[in-house]
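Can you make the complete structure from the sequences, with help from the hints?
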Amino acid sequence: MKMRPGGELATRPLEFIWLADCSISMKTSGKIDALNDAIRKSIPFMREVAYENPNAQVYVRAIKFSSGAAWHIESRTPVESFEWSDLVVDGVTDLGAALLMLKEALKVSEMSERALPPVVVLISDGQPTDDYKTALASLMEEPWAVKAVKIAIAIGKSANKRILKEFCGDNGIDVLSADNAETLVEYIKWVSTVVLQAASSPASQAEQANTMGINVSIPVIDDDDDLLETISVEDVW
Amino acid sequence: MIITNKNWRNTFETVTGKSHVKIKMPNQDAALSKTISDEILITAVADGHGSKRCFRSHLGANYAVESAVTILEEIQDRLFKDGALNLKAFGKFYTKQIVKLWRDKVDADLKEHPLEENIIEDNDKKSIKKNPYIVYGSTLLIVILVKDFIVCYQLGDGDILFISKSKKVSKPIKRDERHIANDTSSLCLLKPEKEFKIKVFRDLKHVLKMIIISTDGYSNSFSSEHDFMKVGSDLIEIALEDGFEVIDENLKEWIEETSNLGSGDDTSVSVLMRIEEESMA
Amino acid sequence: MHRSFKDRQRVILKDGTVLTIVKFLGSGGQGEVYEVATPQARLALKWYFVQTGTDKQKNTIKKLVSTGKPDERYLWPIALAEVHGKKSFGYLMPLRPPQFSNIVDLMKRRIEPSFDAVVTACIQLADSFHKLHEKALCYRDISFGNFFFHGRTGDILICDNDNVTHTAIQDAGVLGTPRFMAPEIVRGDIKPNIQSDLFSLSVLIFYMLMMHHPLEGKQEASIKCFDLPAMTKLYGEQPIFIFDPLNRSNRPLPGYHDNALAFWPIYTEKVRQTFIKTFTQGLRMPSVRPSEKIWRDILIDLKNSIVVCDCGMENFYDIDKLKQGVLNKCWACGSLLKPASRIKIENEVIVLNMGTKLYGHHLNKYEKYKFKHILAEVIPHPIQRDMMGLKNLSRQTWNIKTKTGKSYAIDFGKSFTIEDGTVVDFGETSGQIRKG
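Chains as they are written, first to last, in this note's numbering: chain S, 1 to 237; chain U, 1 to 281; chain X, 1 to 436.
No lab work stands behind these hints, which were simulated from the structure alone.
These numbers come from a predicted model, not from an experiment.
Wrong hints could be hidden among the right ones.
The calculated label-pair distances, taken between Cβ atoms and stated as ranges, are [to be verified]:
# : chain 1 : residue 1 : chain 2 : residue 2 : range
1 : U       : Ile75     : X       : Arg3      : 30 to 40 Å
2 : S       : Glu83     : X       : Gln99     : 31 to 41 Å
3 : S       : Glu141    : X       : Ile111    : 41 to 51 Å
Where a beta carbon is used, it is the ideal one built from N, C-alpha and C, also for glycine.
As structure tokens, then:
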């Protein structure tokens, strides 16, 4: 029973968009399976971040691209009810088409009047097969595209990291490089939690972080812990 | 042949798979053990990739196990610091040197026997020219027993099984379900020392009774993971009832039989068993 | 997923403590938190990520462990936790009891406490900050996630105390959350200190009472993309209070900032004036910001003035308005609030509703702000249920004198009827009842 007036704390929408490569090469070595699995696994964590952020309402969408681009999940789905359906591979790597689709989605007329910076995560394993350069330039004409937090994850060794970095722009974050399923899961979890958190509610910033020029202050990913830890053998069983 | 030190007994075997015997290909696997000291025992198995591209991987596999043993001997003094285990020495410090020695051995072989162009497939020519180590490519699994510690290394596929006193079987290093960027981790990669999975275990209460390491030819011969793990409980029963010598005498036959009925692949297996302290009557 | 520890893992700390990891509780920007069990107790273990587990942080934790907690409401580091072979480190602290909700739950209205509970929580916040600052410690990182709140009683718990350092330490590493940061900190003019802590406390109290941020009005609504540069401008460079009497440019907009509009008229004039001072002059002059003691006194006054309307909803009895002959309307049903029974003890006026409690700080000036110590409670008359009585729950015998001159004593457990003009001698102090 409500004993006080009013409603929830005012929120702003935060759009989270997956840009996923589902070209034929993603079939080899189980890359597409790893991606589907990783995104699916990240959903509960994303929901947890959203649950603890009173200032944001998170919506998720996904664009897939191979020969051309299309919406994989078109409607702006509240993260609380977001479910992932598996991507299926087919075709080449038309990154340009995907960027043009993204442009349409980020048009001022499409976006809410008051929002938090959108987060866009591009995942690809190869070389673009269309004119991505023109498409990227066109995309960056949109003010929401400029303000968006753009992250790229390169899967495997054949991904063109230089092009992926062009997409990210000058945000001070390197393209994330995933060579195995475990790392991919970690990176996907990082973008869907830490980055999401930073965009919705910039938290305690260490003095050293240079936040000038970056929309959102983004923490650095954990380095590999080079020190070996001793495990009690009884924990093996 | 049984290798032994103060705390552990070991026997190992490698057999050429039916499929390779048929085509007169050498055994692409290798296995080697050594007692470095009273306190230190090492055992290693390696699986050469054996494909058309990796036509010298039988050599690569042998170089791999040799390097693992030689380097450990060389660094044995660095393994302890003030009486305690120096974990740092077991990490990249060790694996980097194994890789270097392996490459040195490969370089020496290449110098003496340069690669014949005609036996390389056209589409492989470019990548082999860039990285001739591919031809010798091999996985490597190592277990080092030192004092109360068991240090396990895994580069590529293969299996390590731990069996407890109570005959419970487990895999201390879980298999990498999907290695999505390469076919498998291998010594021929650019920075293989980074790809080693390393785990350090401490067994103060001596719960661990038996360790089995094998190349994937062994597990591939079984219809399921469960069946493969049963090997662990079977072997420990035999050893406890009839003695470790029985394993040593029959291991080669058992592996051959399994491989012939199963994968037909080259198989290497190394079995370690803890020596119980004699209790005062 | 990579976790530093696995469930059921046995961990031996460098100091010899043996822990078993019970389960992973969650992770924040700085590290992970686990529930752990020692042979003696269940505790929480916070474990830093490799890049946040710096030597500086380790020294901070060591100092906090030796300083000890400022008061009971702090979930404070008990001991440093280091493990052989692990590069990072952590610390042990008490577990949060399950009945406590995060303030996020309050903001999202997943819990619906009474005004009484919310105001009690604010009093405890002000009091706890006071104790912290008395020790010359500074709580540099305040955010929603740091505070927990018991929805029924209003008791609070303060967590994430690993960023508390001595005020003299200039270089502490964390700057705080922009929404809670004082403007001078947002702009980067100076490093956090006690006065910026005071600002953050005021913002927290504003959020608790108003379910809204004090600087988010028309200016906020006109921001399209609310990113860090936009936040820096709104909270740091051009902050304007939404109810600034002289500057109407940032008023709350209906449809966007409804909470601010709904809650502002409900509270007393004194509370509104305190907010105005903090968020107008106090924006640019840290020295005029109300101290924790002032907040505490004003909030106790606010709690004292809770009056229950006939419709059952809590309102606030504004004594300043009453002096002008006007009482406010009930926010829920709109009817004029009836002047309630109240007791005047020295300078305090406490409204007496069914269930109102008197505490140590009311009756005994040496016993301050211990809400667990209830010394009197308003209860229904045993026969005439709509009549109220005051029950003695203290160790002191009270001496009652009614308007008609009758005198008698009330021992522990007994009560007397609340009537106009009755004077009560509580021992340390005395009070007079007013009705109407």
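Hint check:
no.: 1; hint: Ile75(U) with Arg3(X): 30 to 40 Å; in the structure: holds (32 Å)
no.: 2; hint: Glu83(S) with Gln99(X): 31 to 41 Å; in the structure: holds (33 Å)
no.: 3; hint: Glu141(S) with Ile111(X): 41 to 51 Å; in the structure: holds (46 Å)
Checked against the numbered hints given earlier, this structure breaks none of them.
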